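Undergrad: Residue strings, one per chain:
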Amino acid sequence: MGLVEWVAGPWQVGDWMWRGMLTVHMVAIGCAVLGVFLYLRRMSLLADALAHVALPGIAAAFLISGSLDAPVLLTGAVVVGLLSALSIETLASRPNIRSDAAIGIVFTSFFAVGVILLSTVMRDAHIDTECLLFGDVLGVTDQTIWLVVTVVPAVLLLVVLFYRWLAVSSFDPRFAAAIGIPVTLVNYGLMTSVTVTVVAGFEAVGAILVIALIIVPGATAHLLADRLVVMIAIAISHAVASCWLGMYAAIAFNTSAAGAIVVVGGILYLLAFLFAPRHGRLLPKSGGKRRRSGVGDQRAEREGVAT
Amino acid sequence: MSENIYIERALEFLTFQYGFVPYALGASVLVGVVCGLVGTFLVLRGFSLIGDATGHATLPGVAGAFLVLVWLEGRGIGISGELHNSVALLVGALVSGGLGALTVGLFSRGPRVRRDAAIGIVLSVFFGVGIVLLTYIQGLETGRQAGLESFLFGRAAGVTPGEFWVLATAGAALCIAVAVFFRPLAILTFDEGYARAVGINTPAMEIGLLGALSVAVVLSIQSVGVILVAAMLIIPPSAGRFMSGRLTGVIAWSVGLGAVSGFLGALTSYVFEGVATGPAMVLAATAFFVLALFFGPHGGLLWLWLRRQRRARAEGGTA
Chain A
1 MGLVEWVAGP WQVGDWMWRG MLTVHMVAIG CAVLGVFLYL RRMSLLADAL
51 AHVALPGIAA AFLISGSLDA PVLLTGAVVV GLLSALSIET LASRPNIRSD
101 AAIGIVFTSF FAVGVILLST VMRDAHIDTE CLLFGDVLGV TDQTIWLVVT
151 VVPAVLLLVV LFYRWLAVSS FDPRFAAAIG IPVTLVNYGL MTSVTVTVVA
201 GFEAVGAILV IALIIVPGAT AHLLADRLVV MIAIAISHAV ASCWLGMYAA
251 IAFNTSAAGA IVVVGGILYL LAFLFAPRHG RLLPKSGGKR RRSGVGDQRA
301 EREGVAT
Chain B
308 MSENIYIERA LEFLTFQYGF VPYALGASVL VGVVCGLVGT FLVLRGFSLI
358 GDATGHATLP GVAGAFLVLV WLEGRGIGIS GELHNSVALL VGALVSGGLG
408 ALTVGLFSRG PRVRRDAAIG IVLSVFFGVG IVLLTYIQGL ETGRQAGLES
458 FLFGRAAGVT PGEFWVLATA GAALCIAVAV FFRPLAILTF DEGYARAVGI
508 NTPAMEIGLL GALSVAVVLS IQSVGVILVA AMLIIPPSAG RFMSGRLTGV
558 IAWSVGLGAV SGFLGALTSY VFEGVATGPA MVLAATAFFV LALFFGPHGG
608 LLWLWLRRQR RARAEGGTA
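Listed in order, the protein sequences are those of chains A and B.
Its first residue numbered 1, the first sequence is counted upward by one per residue in my numbering.
Its first residue numbered 308, the second sequence is counted upward by one per residue in my numbering.
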């Protein structure tokens, strides 16, 4: 069997390959673009929190409405997601709770509630907990496909429309506020977009692996580029490459496609971490060494944790 | 009467009607103790979420160790005994969890990698590796994969007496190690620069703390699960900060609240069918945290509010 047949093979047997690839590309690209902005805002771990919190959001929406329709579940997830973001901010404003502890307290508690709801009162509701956690790329339903092909382009359109607001407030929120950009609104808009994208991708990639799709492309792009547009382009390329390589790896080893996509993404990040032309650890250019151990940088890193 | 069933079950549990109950209870309380102890140092240093990364990072180790066991068995060198099997899984968890913690520590030392991103990357990518291995195991034709899922959300009832004694011994060793290195750890926690100035080997202490974190996580995952172990590292110490202004006080409150949460978690998951130990334990801890947030003597909202009222009244009186 030649390489071409091997690559073409899965596309010719049934339609699961088309469906899976379409869904996972949509989710991965949406997550990658949003992830770049989250990364620049040092809000990567908020993505972690929002992804975990979407689980109780979905559970609560189902409990209240009794329906499993996408708009209902999305609304529930967004409401609970924003609620958790508000609780995190409120807790973090106490002098003896740091912001990372606030994130950790809120999302684990919400997640625990979600798990208990799913395993007790919702046991008969045909929600597959394992699927919500780990995803099932090859078994996506029509509803999920429709959801991602509407939600992700809409989110990307919003990013394009509000690109300048997003960009300026990501790099310098004070300056953004000074020139009249509604920083808080942009912030909550971004969080809502993340939640919506995460929920759309739930069935395909699951609650925990979607975190990788958000954080890893942006982090890779930051190792390779300095300009925002280039970063976004690299993040999207990273997402697409992970999808293709991961999908075929999953087929070859007969394992979870979502997991394989995430692992490939991680390997790509590691390659960038080691071999990036200017910021790679193994190929230091002149001057790189001193910058790396700069005290100011480390202090900024320390103080910038999850703000 | 449905309430009677729950009361009956609670009594059943508390009077140790079944042989596994004391061990399930002990393992859950142990989680509260070791996580409360190690978590305090992490929370005070602003390193809370590294526990989340370490917890998720143990999954590939558990699955990988399982695969190694299956492979060895296929070659006729099977390890005898359930206990050896589960110890092997825990060693796997320790290796990959420790690797995850060290990777966060290593990756976040540099201008181009942010610590929060490093935590997120390690957490999700290691978990991805774990899922890949777990899915692969589910496709294998061995009848023994049952039990691996209980690592996700924890099942204290599955802790056997032999396993419990292994966990308890390691937990005791961990507590002794923290006690021995208490002073340098405390100095490092509050003032890294000063610690270096007085000659404390800060990199070694740092790695030691990450090692202690990995051990605490590994001792906990059977009861609380890999996803929620972070909660037990973060929530009890955060509650402790509202209860005391001294490090030893915070540790004592954190360990105590953690242990009680562990107890309540084990009890709840026994009484209510379908409730896993981990989430129940976490919600108990959250309840204590909320109480501490309002009524804690150090920065509790109620006292702050009262003080503000009194000040407003005093100002109103002078005006």
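Simulated from the structure, these hints should not be mistaken for lab results.
All figures in this text were calculated on a predicted structure; none of them were measured in a lab.
C-beta: ideal position from N, C-alpha, C; glycine also.
Incorrect hints may have been included.
As the list claims (entries may be wrong) - Residues from chain B that face chain A, not an exhaustive set, calculated with beta carbons under 10 Å:
(1) Ile314
(2) Leu318
(3) Leu321
(4) Phe414
(5) Val432
(6) Leu540
Undergrad: Which numbered hints are broken by the structure, listed smallest first?
TA: 1, 2, 3
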